[in-house]
Each structure stands twice: as C-alpha cells, then as structure tokens.
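There are 2 protein chains.
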Amino acid sequence: MSKLLIVGTVAFDAIETPFGKTDKILGGAATYISLSASQFGAESGIVSVVGGDFPKAYLSKLNERKINTDGVEIIENGKTFFWSGKYKNDLNSRDTLATDLNVLADFNPVVPENFKDTDFLMLGNLHPTVQMEVIKQIPNRPKLVVLDTMNFWMDNTWDELMEVIAKIDVITINDEEARQLSGEYSLVKAAQKIHEMGPKFVVIKKGEHGALLFNDGNVFFAPALPLEDVFDPTGAGDTFAGGFIGHISRTGDISFENMKRAVIAGSNLASFCVEKFGTERMETLTHDEIQKRLLQFKLLTQFDIELS
Amino acid sequence: MSKLLIVGTVAFDAIETPFGKTDKILGGAATYISLSASQFGAESGIVSVVGGDFPKAYLSKLNERKINTDGVEIIENGKTFFWSGKYKNDLNSRDTLATDLNVLADFNPVVPENFKDTDFLMLGNLHPTVQMEVIKQIPNRPKLVVLDTMNFWMDNTWDELMEVIAKIDVITINDEEARQLSGEYSLVKAAQKIHEMGPKFVVIKKGEHGALLFNDGNVFFAPALPLEDVFDPTGAGDTFAGGFIGHISRTGDISFENMKRAVIAGSNLASFCVEKFGTERMETLTHDEIQKRLLQFKLLTQFDIELS
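Residue numbers (the numbering used here), protein chains in the order written: chain A, 1 to 308; chain B, 1001 to 1308.
Next up, chain A with everything else stripped away, as it sits in the complex:
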C-alpha cells in the first residue's frame, strides 16, 4: 500500500451561508484533504499543529478513517487556528470575518519517522516556508509532490513561494490565482508560464465551472457536477485535492492519462463536500455513493462522435 503524507491546517471553522450558520466546527485544509483521500485506501498521515482546546474526538474521527495523526503536534497551552467566513448569496464569494493564526504562527512541522519514506506528498495551503521545511525532511524524493496555495502567499511571500513551486510536480490553484501567479489572463497561457516555474502538471480549479489539467501542451477538463443545492463550499478545493492525490496514491500511476481520472475523482469528491456544512457529508460518505456518482460523471461528459 502506498504512503501518503498530507501537510496542512487542522482548524476550527465558523461558517455562515445563506442557508444557516455554524459554531466552531472541525475544519482545515489537511482535514478535508485527508477525509477525501481516505476514501481511496492509501496509508495516510497528517503533519499539522493544534492547540490544547482541540477536541480529542476530532482526532479520533480522523483515526477512525485510518488517518494517522502522529504528526499532528498538540500545543497544550496554545489555541487552535480559527477561521470564520460568511458566504454571499451566490456562494461564489465570501467575506473572511476572522483569521486567528494562534498555534499556526510558530508552526515547525515535524515529519514522523514512519512517513519519511512516503510515496506521495500533498502540501496543503500553508506558509510556503512550512511547505519547504516538510520537503527538506523527506530524504528520498516522493513519486509525486502536489502543492496547493493561494493568493495570500503570492501577495506576501512571493520569493518563498517561488522556491517551493520550483520543487513540486503538480500545483492546484484557482483561476484567479493562476492569473495572478502568471500575469496572464488566458488560462492556457497562464498554465504555460506556470510550467516554466517548475510544475509539470498545472491544475486550475474553477469551482462550479470545473477544473482544467495542463501538462506539456495537453489539456483535460473535468466539470463540476451540476447540483440542485449547494449548501456550503468550504473545503471543496481541499476535498478536490484529496480526491486527486487519493486516486493517484491508490493507483501509483503518475501518467497524464491517470491524472485525468484523478481530476475526475477530485471533482467527484468535491461534489459531495458542498452538500452539507463543513465536513459533515465527508464523514458519512461511502464507497458506493462515490461509485454511483462516478457513473454520473461519465454520463455528464462522455459522448460518441465519429470523425467524418
């Protein structure tokens, strides 16, 4: 079985959407990524940090899904990273109400011994210096290193981000971030520029408009599943990344053909995430439900047309 190491936040979120609001609930990039990837059966572990206020029951939820949390440092006298946001009516934009870094401010990641030989490395959205620190702690390069990042790091830590981007294989960012990172409006041109920064594979996430995978002049598109109701988009991008790296970890195949399947897997998992608040839907999700929806993705996209 492949090993998959996931670095990212484990956090408290407080979310408000047009359909309701939550108190502090389980959140964080590594949480969503690992819950999603765990559907694919890799031996996965998290590197993160939480405070003494973080319920043991939340870690147990992850452990129940066979997610190793030995790499989640607990700072007993510290507070867990907290994010709060309010979505607008169209659910496509949101206001951040609070970002309390807390224990994340001085995070020194430590890769557990039994994950130093990880096959796959997923660097969730975090300070690029933390991402780089994890790369350095792994003596033999993993088969594939995937990085997620965001505009905040482009604005504030450009040089550090460029150093990390030069060392990875796959970057996943949204369309606006791809434009910011490359200075190109056309996503085709943006992907070309980003290839030149290092990553052989560029995944551009467009939310409800799907995701594009670029590699060496090739391009593949995975739609988002059209849904009757979207409840809460929080974690959808991380869940997409988790489905992507989860599929790759299960198959061990890093060809472009298999990455197509991986972005479909990512879209598939993300389509569930948004159906309920926070991680709720991901906690009850079954293999059968995923397989059924995969069939829907086939029906949604596959056509048969002869060249004449």
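Derived from the structure by calculation, the hints contain no laboratory data.
Among the hints, erroneous ones may be present.
[Claimed, not checked] Residues from chain A that face chain B, not an exhaustive set, calculated with beta carbons under 8 angstroms:
1. F220
2. L227
3. I264
Small disclaimer: the values here were computed from a predicted structure and weren't measured.
For glycine and all other residues, C-beta sits at the position ideal for the given N, C-alpha and C.
Following the hints, position chain B against chain A.
Here is chain B on its own, set in the frame of chain A:
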C-alpha cells in the same frame, strides 16, 4: 437532404475589444447561425430583413455557402439594423453603445414557399412576436424547433415570450437568462422550471465555461475549448446554436444521445468564431479544421475510469 429554416437578424455590427475595433461589418444572429450551420450541409434558408444600405456582396457571401436568402426582405428606402458594442478587458462583459432597430422595427417575416415544409426551425434571438409569426406560417410542425432569446425580451415582452416558449422543443439561453426566466439560482432547478414552460430540452450557455444540456432528468456538459487567445466573442452564442442545429439537421436524429453530439458541435464551431473579429473566421473555416478540433474536444473530455 434536410431543410433548415433560420429566423433572425441580419445586421451591421461595430465592435470594439481590447485588441482593436471595427467599422460597420456584417453581423446578426441569422448570419452567424447560418454560417455555422452551413458547415453541416443542410439546405438552409434565412428569414430576415435588411435596408437598401445592405451590400449585395454580404448576401452573396451567404449564397456562396449555399445559404438561401430568398426570405431576406430588402426595404430599399430603409436602413439595416445596427448594433455597436465595446467589450471590457476580460471579454466577459460588454457595454452596448448603439442599438438602431431601423427596418427591424416593423419586421413582418414571410417564410418562402419552398421552406414551408422545413424539417428544422431555428428561431434566432428576435422579438417573440416575430418568432411566433414564423411558427404560424409553417403548416406542418417541423421535427425540431429551437429557440434562442435573451434577457431583453424577458424584461419587456414576457407574455409573448411565454407563448413562444410553450411551442418549442429546445431553448438556448445563457446562465443569467436561465436564472431570470426561472427565478432559480441553481441551474439544475432552473432547467426543471423551464422544462415546465414547454421545452423538453434546455441548453444553458456559459460562454468560456461551456454549455449544459438538460432533458428529463438527464444532463450533459460540453466544455468550451481552452484557447490561448480570444479576440472577439461577438456571435459566439449564435455560432453555437448554428453548430447545434446544423449537426441535428445533418443527422436527422433528435435523440438525447445525438443532442450531446450537437452541443459538442456547437462548442466546436463557437471556438473558431471568437478567434477573429466578426464573421471573419467563420468565412474561411474548413471541414478539416472542424474535424481536427473535434478530436481536441475528445482529448479534452474523454476519460476511462473503471467502477470498482
């Protein structure tokens, strides 16, 4: 060979994009629809109206592509419909600078005798009363009636529009128009509401984000081809509709499976339209180019993933 009747504007356009601007050039919904559909070899004719100022050479351009213009009335002492618009930097929004209805203001469409037995009817974006008038002039219902419309008619001629919508098989509108027409934000719910108004098939155009086809609980998605450069989006929606009805006319098959291929054909043709100003690209487009790009659409969307 199937007959295809196309109703819509034949016009002058003046276009400004970030890449340049044009004087008055050939434009209009029926122009783009017919140029696109002509690639598929149906016997097609236009019902429209122009003024005495409309160059005979423009009509000849259409005739050269075997588009019958007997139904294009020429009002010698009138002026041709004129539209002028300026696109913003992202090419996704535009300001209308002028809309001079001219001869269109009193348009009484007349279906030529040899198209009264048309197999397929494409009602391009026009006053719904004009669209209804054409439906009434065709004694035996065509195999398929496709309607394109826009928010302007929803704002100003709701009742007349509802009467036409009740009589057609396929409606093509953009996402914002689908939301306005249905009062639903979710496009899945919007399509359900629009089905109830009459059309069995609902095509929602999302521009650079592709198009959705809904029918009786089934949904299919055709992406837009990611392009390095988009020059001028004018006519892309009409070109999409022309490719859609062109494919249907060529095959004579109105099954959902074949409509999937039709929306791919529409996306394919539209991807060319935006590469140059106005109708320029559509005038030089060849069968070979279309076939090559169809292969690109296959590579863009087709994946092979086993259910496990």
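These are the hints, each one checked on the structure:
1. Interface hint at A:F220: satisfied, since its Cβ lies 6 angstroms from the closest Cβ of chain B, which is below the 8 angstroms cut-off.
2. Interface restraint check: A:L227 against chain B, minimum CB-CB distance 6 angstroms, threshold 8 angstroms, status holds.
3. A hinted interface residue such as A:I264 counts as satisfied when its beta carbon comes closer than 8 angstroms to some beta carbon of chain B; here the least separation is about 6 angstroms, so the hint holds.
Checked against the numbered hints given earlier, the structure satisfies every one of them.
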